[in-house]
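Protein chains in written order, with full-length UniProt numbering: chain A, 1 to 387; chain B, 1 to 387.
Keep in mind the hints are simulated off the structure, nothing from the lab.
Honestly, I wouldn't trust all of these hints.
Which copy is meant is left open, so a pair is good if it fits within one copy or across any two.
To be verified - With a straight-line cut-off of 16 Å between C-alpha atoms, the simulated EDC-like cross-links for lysine to aspartate or glutamate are:
| # | residue 1 | residue 2 |
| --- | --- | --- |
| 1 | K172 | D129 |
| 2 | K172 | E198 |
| 3 | K172 | D130 |
| 4 | K25 | D129 |
| 5 | K89 | E280 |
| 6 | K35 | D71 |
| 7 | K207 | E253 |
| 8 | K172 | E193 |
| 9 | K243 | E22 |
| 10 | K146 | D260 |
| 11 | K25 | E246 |
| 12 | K287 | E246 |
| 13 | K146 | E280 |
| 14 | K243 | D213 |
| 15 | K243 | E280 |
| 16 | K135 | E363 |
Number of protein chains: 2
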Amino acid sequence: MVTYIFTLLLIVCNFFIIFTLEPVKLGILLPSNSKFPFSIVKVVPAIDLALEHVNRSGLLPNHILIKNVRDSNCSETIGPLEAIDLYVKREVNVFIGPVCDYAVAPVARFAPYWSIPVISAGAPVKAFDDKSEYKTLTRIQGSYGKNADFLWEITRTFNWSTIGLLFNDNHKVEMGKTDNFFTMEPIYHMFKEKTGYEPYFKAFDEKYPLTYDIEDLLYTASMNARIVVLCASADSVRDILIKAHELNFDNGEYVFLNIDLFSSKNDSEKPWYRAGDTDERNSKAMKAYEALMTVTLRKPTSKEYKNFSMEVKRRAKEKNVNFTYGEEEVNSFVGAFHDAVILYALALNETLAANKSITDGAEITNRMWNRTFEGIYRQTIAANGDI
Amino acid sequence: MVTYIFTLLLIVCNFFIIFTLEPVKLGILLPSNSKFPFSIVKVVPAIDLALEHVNRSGLLPNHILIKNVRDSNCSETIGPLEAIDLYVKREVNVFIGPVCDYAVAPVARFAPYWSIPVISAGAPVKAFDDKSEYKTLTRIQGSYGKNADFLWEITRTFNWSTIGLLFNDNHKVEMGKTDNFFTMEPIYHMFKEKTGYEPYFKAFDEKYPLTYDIEDLLYTASMNARIVVLCASADSVRDILIKAHELNFDNGEYVFLNIDLFSSKNDSEKPWYRAGDTDERNSKAMKAYEALMTVTLRKPTSKEYKNFSMEVKRRAKEKNVNFTYGEEEVNSFVGAFHDAVILYALALNETLAANKSITDGAEITNRMWNRTFEGIYRQTIAANGDI
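Using the sequences plus the hints, can you model the full thing?
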């Protein structure tokens, strides 16, 4: 009987605590389709970890973080509509995501007018550098602009002068530009600005393989540059490199760089191999890849990161028995979104301590910028709100 | 005393009628900046005329049309935000506007999910042809696609085979494409599709006159085509034509076509003349313009149209004493938006008669398509929702 009363008391107390805590609502906007490395099933377990950590830590003693997860569908329509719905129903204090450029653009345009911060591990296109338009957007993972900086440094290190760009893009203007185009865009502009010459570039539309000839692409590129930067699907890159091998372009005269920022580890560990292809082509591909340097996002190798990764995968499996993570370690979006929650909680804590409100999105955003903090990664957000 | 009671009764009756009528809310999304031919001050008086006409006509006996006017700012941010606000506050049954492509795109993407029709005299870019995405969008004025059809017909009539395109566009990708680009895009694709050859094209950025040389532009174009299609600001077109005159390109060997769909009449009646320029250049320009054919939107010449135009201008002046309309007749957007209200009222009447609801945006949209009706213009909306 005493145990019973005690248990009841405990439950009542818990309810009391929960109901007196002010909720902090994370509006999670990610795609449900698990083909994306930043899908709900892959990322939300990491957000849960961060959320539980913050709630346990006492960082926000009068608040409790809760999440409202919506399917952004990686869509310029559904993403913003879900954001609008969260806003209208007062179910969001901070948007976590979207990732896809076309989905995040309207959300990050509207958010300053709603005074709501947006934290994304995506939104990599250069347009989002302009924080006079995207006032409350914080980017917690590398952007295409940062990648261009990095590529520039590589070419300085090896003393390479002339680069050429080969990339996949949509022929049809109404389809918009591809991620590959947006990756190349700041590289082109950076080299043009720094060196004065215009890098050679050629786009092909890999949806229509009959509209271009890889041999032509390679010959023309080779007449303009010794350093060829590729940005396309893994299969297209492989086809180009096999052809390069056949044409003896992997003789040391040429260097191929592949920009593949967001691939999962499985994809990029043995990128030359295709189970369905012939031994001969796989062998050619393997040789050709020796002339290839791939630029991708760094992942930590620490024990903490391994544990984090294991726990995220365990939770993902627990919630979705039919889902297999498949990657050795979780991809870089997973850690970045975990850290987005930590960063927001730190900034909110300071904002409240300064007697400002949770509804002051500009203030909270301001406190997220120009700071270093410890999440899964040791993160530094620059004064411009980007990592 | 009797008069007093009678008047009181009349007022009470009026109130009673007004309050028993169900409001039909037109959400008007137009820019307040009067530099636009489709600005609030220019267009709303015409919408008022249409609205009063419908309310008097008995077409919707149990309803009363009212308008909620918002400043779209011709902006991809403010336009959608105002649309969202109207939707959330239940102040809109139909969106009239926006016009600007980047402003109307998100609104027309969201509207099907809100089940609200959108009628625009703008949204001319080819992307809006795709009604599987923009399900409730009706375009009541010519699109760039229609313009390409027309240009194709002209070239067939005169038996011209090879065209070249010279147009203004933004160098910087992050600034998006210009209206001039979007005008040229379907022309390029249509000629490529119909003839198999790719029309010569060259973009210049008129914001940076030092980045291009008009003489070069003309020489290169002349090596590729005898029919040169121009699309740029009136001043750029004039500069190009003066240079063409100096180079003797107006000797009958070449034809210049100028696409200038939305200019007001004042702009286009004496387009060669600039008060601030020298007599010599004005005279050169006048001669050069003899080799120029300008494609623009047709306006009716009927007495009804003249009366409509006068009444719109009178009302505009009445409401904004500081505003001078300045055009001989109101521009084509004004008539088109008037007709948008008539079209919506006709479709709503039929929808209600069929026992369907005013909230059934798909049904109302469906009844606006594939029909001919009398507004200020005699309008025919095709089965695809475009004029």
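Do the hints match the structure? See the list:
1. Taking identical chains as interchangeable, the C-alpha atoms of K172 and D129 lie at most 16 Å apart only when they sit on different chains, with a minimum of 14 Å there against 26 Å within one chain.
2. Taking the shortest Cα distances, K172 and E198 sit within 16 Å of each other only across copies (14 Å), while inside one copy they are farther apart (24 Å).
3. Taking the closest pair of Cα atoms, K172 and D130 come within 16 Å of each other only across two copies (13 Å); inside a single copy the shortest separation is 27 Å, beyond that limit.
4. For a Cα distance limit of 16 Å, the shortest separation of K25 from D129 qualifies neither inside one copy, at 26 Å, nor across copies, at 39 Å.
5. In this homomeric assembly, K89 and E280 never come within 16 Å of each other (Cα to Cα): the closest approach is 59 Å inside a single copy and 65 Å across copies.
6. Taking the shortest Cα distances, K35 and D71 sit within 16 Å of each other inside one copy (13 Å), while across copies they are farther apart (41 Å).
7. With identical chains, the CA atoms of K207 and E253 are never at most 16 Å apart, being 30 Å at best within one copy and 42 Å at best between copies.
8. Taking CA atoms no more than 16 Å apart as the test, K172 paired with E193 passes between copies only; the shortest distance there is 13 Å, against 28 Å inside one copy.
9. Neither within a single protomer nor between protomers do K243 and E22 lie at most 16 Å apart by alpha-carbon distance, with minima of 61 Å and 70 Å respectively.
10. Taking CA atoms no more than 16 Å apart as the test, K146 paired with D260 passes inside one copy only; the shortest distance there is 14 Å, against 41 Å between copies.
11. Proximity of K25 to E246 under the C-alpha cut-off of 16 Å is found in neither arrangement, the shortest distances being 56 Å within a copy and 67 Å between copies.
12. In this assembly of identical chains, K287 and E246 lie within 16 Å of each other by CA distance solely inside one copy; the values are 10 Å within and 60 Å between copies.
13. In this assembly of identical chains, the alpha carbons of K146 and E280 never lie at most 16 Å apart, being 38 Å within a copy and 53 Å across copies at closest.
14. For a Cα distance limit of 16 Å, the shortest separation of K243 from D213 inside one copy, 10 Å, qualifies, whereas the shortest one across copies, 41 Å, does not.
15. For the homomeric pair K243 and E280, the shortest alpha-carbon distance inside one copy (13 Å) is at most 16 Å, but the shortest distance between copies (61 Å) is not.
16. Proximity of K135 and E363 under a CA criterion of 16 Å is satisfied intra-copy only: 11 Å inside one chain copy versus 40 Å between copies.
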